[in-house]
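Based on these hints, arrange chain B on the given structure of chain A.
Chains as they are written, first to last, in the numbering used here: chain A, 228 to 417; chain B, 228 to 417.
A couple of the hints might just be wrong.
No distinction is drawn between identical chains; accordingly, a pair holds when it is met within one copy or between any pair of copies.
In silico EDC-like pairs for lysine to aspartate or glutamate, Cα to Cα no more than 16 Å straight-line [stated by the list, open to error]: (1) K346 with D383; (2) K344 with D383; (3) K298 with E343; (4) K342 with E394; (5) K239 with E351; (6) K239 with D359; (7) K342 with D326.
Derived by calculation from the structure, the hints in this document are not laboratory data.
Okay, here's what each chain looks like letter by letter:
Number of protein chains: 2
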Amino acid sequence: MNIGPYEFAEFKALAVKFHGYAAPGLLIGGCMTAAAMTALPAGVLFEALVETYNCLPDAVQLLTPCSTGNKRLHVVHYGKTALSLFDKYSGRGIRARIDPGLLGPWPEIRAWIMKEKGKEEQNEAMLERQIDEAGTTIVALQPVCVDLSRLNRKSDGPLALCPHCGESFPAAHGSLCRGCAEGAPYSFPR
Amino acid sequence: MNIGPYEFAEFKALAVKFHGYAAPGLLIGGCMTAAAMTALPAGVLFEALVETYNCLPDAVQLLTPCSTGNKRLHVVHYGKTALSLFDKYSGRGIRARIDPGLLGPWPEIRAWIMKEKGKEEQNEAMLERQIDEAGTTIVALQPVCVDLSRLNRKSDGPLALCPHCGESFPAAHGSLCRGCAEGAPYSFPR
Numbered sequence: 228m229n230i231g232p233y234e235f236a237e238f239k240a241l242a243v244k245f246h247g248y249a250a251p252g253l254l255i256g257g258c259m260t261a262a263a264m265t266a267l268p269a270g271v272l273f274e275a276l277v278e279t280y281n282c283l284p285d286a287v288q289l290l291t292p293c294s295t296g297n298k299r300l301h302v303v304h305y306g307k308t309a310l311s312l313f314d315k316y317s318g319r320g321i322r323a324r325i326d327p328g329l330l331g332p333w334p335e336i337r338a339w340i341m342k343e344k345g346k347e348e349q350n351e352a353m354l355e356r357q358i359d360e361a362g363t364t365i366v367a368l369q370p371v372c373v374d375l376s377r378l379n380r381k382s383d384g385p386l387a388l389c390p391h392c393g394e395s396f397p398a399a400h401g402s403l404c405r406g407c408a409e410g411a412p413y414s415f416p417r
Numbered sequence: 228m229n230i231g232p233y234e235f236a237e238f239k240a241l242a243v244k245f246h247g248y249a250a251p252g253l254l255i256g257g258c259m260t261a262a263a264m265t266a267l268p269a270g271v272l273f274e275a276l277v278e279t280y281n282c283l284p285d286a287v288q289l290l291t292p293c294s295t296g297n298k299r300l301h302v303v304h305y306g307k308t309a310l311s312l313f314d315k316y317s318g319r320g321i322r323a324r325i326d327p328g329l330l331g332p333w334p335e336i337r338a339w340i341m342k343e344k345g346k347e348e349q350n351e352a353m354l355e356r357q358i359d360e361a362g363t364t365i366v367a368l369q370p371v372c373v374d375l376s377r378l379n380r381k382s383d384g385p386l387a388l389c390p391h392c393g394e395s396f397p398a399a400h401g402s403l404c405r406g407c408a409e410g411a412p413y414s415f416p417r
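If we strip away everything but chain A, and leave its shape as in the complex, we get (with noise of 0.2 Å):
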């Protein structure tokens, strides 16, 4: 089946030159992404929610304009595979999960959601067989409605500069960077 607008090997080959390797999780979260744009409305400005850092965020930056440095790509760190594509404006949209229901003819793509499987023990070109061969017929899909408010999609706002570091940061943070704030996840060696 196609992956969106592409043949399944084309976006296999995409994939690899994202994200490094054509990942089941990517082949699938293609497929989930495609599913749940077709039941947009036509022509909507529509943001996207996964909830997976995952593969699932490629599949979305691969098949639509939402990233994450257009801030129209918003992840939670809930290890679900699981996603929502949604109006920019009402946050009215569709989220796809994969329903472990409707895996029943595709023993290996189930095997590997649920990991039922080791690494050395799945057969991966029967995983991709099946992913191809399945499409978008695994993908269930409910309408969502996103609470915008609690997005990151705010400007940063004027300026300031942090007194303990010297760099600019927003200054509606408060009155030290977060980096200093908080203490940042990395060190400056002597």
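Positioned in the frame of chain A, the structure of chain B alone reads:
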């Protein structure tokens, strides 16, 4: 000047395709990413830590193998025009930021970075020309050491079924999935 392996116009075209628009922050982020890459030891397997969601993550995704979905791109919400590329195993690397002290010859870049002008007063053509001419000369580089224990890199581990929503989630997250435990930023309309 070139931005990494791309001519300036070529990088602009990539930016439009991926980000929707050749935003000044993406062009500047391209210069920062390219500068940091040249300072890394050859052949090192690296990840990226970006200190803003504005544009810079997409510069990293266009110029490096690091992406949100392969978890080699990490973002902290500090609102700072800074990014680090670092060795995946040691955390040692290079932090790149725009040094206002280097912006003397580039008043449009300075005005943009420091938010000295409203959007209407900006001369975007001149800003782009100055970014093209300045290239990596406006980027200050500094050795950095990233604390790998503070990054999201762990595998999710075994799954469990959430007793509330019935969906699978990483068992290590607790008795409920995080969406149910914390209250997800979305709801299902009846």
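Here is what the structure says about each hint:
no.: 1; hint: K346 with D383; result: between (43 Å within a copy, 14 Å between copies)
no.: 2; hint: K344 with D383; result: between (45 Å within a copy, 15 Å between copies)
no.: 3; hint: K298 with E343; result: neither (35 Å within a copy, 23 Å between copies)
no.: 4; hint: K342 with E394; result: between (45 Å within a copy, 14 Å between copies)
no.: 5; hint: K239 with E351; result: within (14 Å within a copy, 37 Å between copies)
no.: 6; hint: K239 with D359; result: within (10 Å within a copy, 34 Å between copies)
no.: 7; hint: K342 with D326; result: within (14 Å within a copy, 47 Å between copies)
Hint 3 alone, counting from the list given before, is not met by this structure.
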